[in-house]
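Sequences and hints are given; from them, build the entire structure.
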Amino acid sequence: MENRARKLYLIPYVLWIGLFVVTPILLVVYYSFFDLNGNFTVANYEKLFTPVYIKMILSSFWYAFLITAFCLLIAYPAAYFITKSKYKQLLLLLIILPSWINLLLKAYAFLGIFSTYGAANSFLEAVGIGTRQILFTDFSFVFVAVYIFIPFMLLPIFNALDKLNPTLIDASRDLGASAWITFQKVVFPLTIDGVKSGVQAVFIPALSLFMITRLIAGNRVITLGTAIEQHFLITQDWGMGSAIAVFLIITMVVIMVVTGTRKRGVQ
Amino acid sequence: MKKKSLWPKVYLAFVFIVLYAPIFYLTFYSFNSGGTMNDFEGFTLDWYKELFQDTRLLIIVLNTIIIALLSAAISTIIGVLGALAIVYMKKRAAKNALLSLNNVLIVSPDVIIGASFLILFTIIGIKLGFTSVLLSHVAFSIPIVVIMVLPKLQEMSLSLIDAARDLGASHWDVLSKVILPYISPGIFAGFFLALTYSLDDFAVTFFVTGNGFTTLSVEIYSLARRGISLNINALSTLLFLFTILLVIGYYFITKRNGRTAGAGGGNE
Numbered sequence: 001m002e003n004r005a006r007k008l009y010l011i012p013y014v015l016w017i018g019l020f021v022v023t024p025i026l027l028v029v030y031y032s033f034f035d036l037n038g039n040f041t042v043a044n045y046e047k048l049f050t051p052v053y054i055k056m057i058l059s060s061f062w063y064a065f066l067i068t069a070f071c072l073l074i075a076y077p078a079a080y081f082i083t084k085s086k087y088k089q090l091l092l093l094l095i096i097l098p099s100w101i102n103l104l105l106k107a108y109a110f111l112g113i114f115s116t117y118g119a120a121n122s123f124l125e126a127v128g129i130g131t132r133q134i135l136f137t138d139f140s141f142v143f144v145a146v147y148i149f150i151p152f153m154l155l156p157i158f159n160a161l162d163k164l165n166p167t168l169i170d171a172s173r174d175l176g177a178s179a180w181i182t183f184q185k186v187v188f189p190l191t192i193d194g195v196k197s198g199v200q201a202v203f204i205p206a207l208s209l210f211m212i213t214r215l216i217a218g219n220r221v222i223t224l225g226t227a228i229e230q231h232f233l234i235t236q237d238w239g240m241g242s243a244i245a246v247f248l249i250i251t252m253v254v255i256m257v258v259t260g261t262r263k264r265g266v267q
Numbered sequence: 001m002k003k004k005s006l007w008p009k010v011y012l013a014f015v016f017i018v019l020y021a022p023i024f025y026l027t028f029y030s031f032n033s034g035g036t037m038n039d040f041e042g043f044t045l046d047w048y049k050e051l052f053q054d055t056r057l058l059i060i061v062l063n064t065i066i067i068a069l070l071s072a073a074i075s076t077i078i079g080v081l082g083a084l085a086i087v088y089m090k091k092r093a094a095k096n097a098l099l100s101l102n103n104v105l106i107v108s109p110d111v112i113i114g115a116s117f118l119i120l121f122t123i124i125g126i127k128l129g130f131t132s133v134l135l136s137h138v139a140f141s142i143p144i145v146v147i148m149v150l151p152k153l154q155e156m157s158l159s160l161i162d163a164a165r166d167l168g169a170s171h172w173d174v175l176s177k178v179i180l181p182y183i184s185p186g187i188f189a190g191f192f193l194a195l196t197y198s199l200d201d202f203a204v205t206f207f208v209t210g211n212g213f214t215t216l217s218v219e220i221y222s223l224a225r226r227g228i229s230l231n232i233n234a235l236s237t238l239l240f241l242f243t244i245l246l247v248i249g250y251y252f253i254t255k256r257n258g259r260t261a262g263a264g265g266g267n268e
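Chains as they are written, first to last, in the working numbering: chain C, 1 to 267; chain A, 1 to 268.
Calculated from the structure, these hints are not laboratory results.
Note that the structure is predicted; figures quoted are calculated from it, not measured.
Virtual Cβ for every residue (Gly too), placed ideally from N, Cα, C.
Hints should not be assumed to be uniformly reliable.
The list that follows gives simulated cross-link-like pairs (lysine-lysine, DSS-like), each with its CA atoms no further than 27 Å apart [unchecked claim]: (1) Lys-196(C) to Lys-95(A); (2) Lys-163(C) to Lys-196(C); (3) Lys-152(A) to Lys-255(A); (4) Lys-152(A) to Lys-196(C); (5) Lys-7(C) to Lys-95(A); (6) Lys-9(A) to Lys-86(C).
In silico negatives: residues of chain C with every beta carbon more than 12 Å from chain A [said to hold, decoys possible]: (7) Tyr-45; (8) Trp-62; (9) Ala-126; (10) Ile-129; (11) Leu-164.
The following block contains the structure:
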């Protein structure tokens with residue numbers, strides 16, 4: 001009887017895995033081998049290696065790299081200072097809170113702030129630089145993306161730093177290491193797993209952003225995500241869209257293997 | 001021993017100002033009678049009034065909430081069953097396979113989930129609209145529920161179950177009187193996260209919603225593409241307050257349930 005009940009638990013869950021995890025991936029792979037007229041072809045993959053697409057892929061990677069690097073640069077010190085603070089939990093909650101606010105609203109706020117007469121330009125005017133075109137530039141795109149992803153970079157780094165045994169730092173300092181050497185040789189290596197999960201949590205979504213590219217970058221920036229969205233919803237070329245999606249999935253797997261995830265939380 | 005430096009405080013203050021400035025900027029201009037997000041002419045509540053008279057928008061809000069509650073409830077049920085199934089699994093290889101498959105949708109970018117679901121629904125002939133959006137939200141929420149419930153199940157001592165069985169409890173009694181109450185903090189956390197994932201989702205919904213049906217995120221996107229309108233500011237302010245209420249509610253629920261079950265930002 002017990003066994004039967006256990007099998008029953010499994011049914012809806014396995015159905016979900018079959019229908020919504022395995023099938024969609026297989027369908028994307030399947031569709032990537034068809035052209036617009038429904039003929040079997042590898043042309044979509046050949047197109048992926050033409051200069052136009054290679055340029056798009058490289059620029060997408062470059063932007064994702066920039067976004068991840070800035071997130072790391074800003075989030076690591078912030079996470080470090082938060083672990084040292086008396087109000088650690090409250091500060092952490094305050095960092096997480098904006099990540100729960102609808103992404104669209106945050107992007108929309110920047111439409112106002114970066115507009116020609118918006119707050120950012122008033123500030124530039126006040127310090128004597130003068131009004132600039134900020135919206136629809138690479139800068140605004142990277143800035144907004146960093147803004148959105150910071151909590152996702154900060155959280156894993158915070159967890160890693162929080163678990164760090166403080167006596168190790170004291171030991172290192174007592175043995176004569178400077179603050180910088182201590183950071184370099186003790187703190188950073190011991191929190192590298194947090195950094196890796198943070199990089200994962202930012203780099204892959206940054207490759208696949210598509211909403212911000214339209215709203216903030218005004219179609220100047222084409223990421224892999226934007227390309228997929230265009231092929232699926234605008235040009236209706238599902239085959240090409242799927243081929244890019246397959247490429248993105250492969251990239252994702254490679255990144256996860258390189259940044260070496262261990263299964264967390266579950267044994 | 002160490003001298004207290006001012007830099008950490010200044011740095012953190014700067015980060016927090018940058019994080020919160022856009023939100024307050026939006027809120028501030030929602031009271032602007034001038035109609036732009038640049039110069040504040042005078043205080044008004046007109047944008048809020050307009051918002052509440054916009055029946056189309058109110059229906060969209062209602063749709064969004066219905067989708068969120070339904071998808072969170074369904075995914076919580078399937079997710080809890082899934083977590084139980086994983087824990088009961090005897091073969092280690094099968095267990096690990098299930099866990100890896102479980103995490104696929106968590107790590108997949110939204111665009112890929114959206115695009116692949118679009119193909120799926122088109123092939124099996126589900127009309128794009130309410131059903132397709134609900135199914136997708138259930139689908140991407142299930143793994144989060146599993147992740148939140150599993151640790152609770154794993155820390156539960158097996159002797160509790162054995163004791164209940166020895167004392168004559170039926171299988172159903174063990175589940176409803178021993179296991180479920182024990183893992184309830186995990187279930188709450190899972191339900192709450194599923195709720196916020198559904199409310200927040202833009203990308204997946206954008207792909208699988210047809211012409212007739214939209215959720216709030218998709219609607220805000222199409223409004224924002226047309227440019228600035230202070231209605232959206234008023235709407236954001238209300239959503240922001242709502243989010244804070246949800247977070248406070250969640251905080252108290254987990255607090256009351258004893259230990260907090262790893263809150264927030266479940267983006268792995």
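Taking the hints in turn, this is what the structure says about them:
The straight-line distance between the Cα atoms of Lys-196(C) and Lys-95(A) is roughly 25 Å, inside the 27 Å bound, and the hint therefore holds. About 16 Å separates the Cα atoms of Lys-163(C) and Lys-196(C), which keeps this hinted pair within 27 Å; it holds. Between Lys-152(A) and Lys-255(A), the direct Cα distance comes to roughly 15 Å. Compliance with the 27 Å bound is thereby established for this hinted pair. About 26 Å separates the Cα atoms of Lys-152(A) and Lys-196(C), which keeps this hinted pair within 27 Å; it holds.
As the CA atoms of Lys-7(C) and Lys-95(A) are separated by approximately 14 Å, the hinted pair is consistent with the 27 Å bound. Note on Lys-9(A) and Lys-86(C): the hinted pairing holds, with a Cα-Cα distance of about 12 Å set against a maximum of 27 Å. For Tyr-45(C), the condition that its CB be more than 12 Å from all CB atoms of chain A holds, with the nearest at approximately 17 Å. Against the 12 Å criterion, Trp-62(C) stays outside the reach of chain A, whose nearest CB is about 18 Å from its own CB.
Non-interface call for Ala-126(C) relative to chain A: holds, since the shortest CB-CB distance, roughly 14 Å, exceeds 12 Å. For Ile-129(C), the non-interface assignment is confirmed: its Cβ lies about 18 Å from the closest Cβ of chain A, beyond the 12 Å cut-off. In this structure Leu-164(C) is separated from chain A by more than 12 Å, as the shortest Cβ-Cβ distance comes to about 16 Å.
Checked against the numbered hints listed earlier, the structure breaks none of them; every hint is satisfied.
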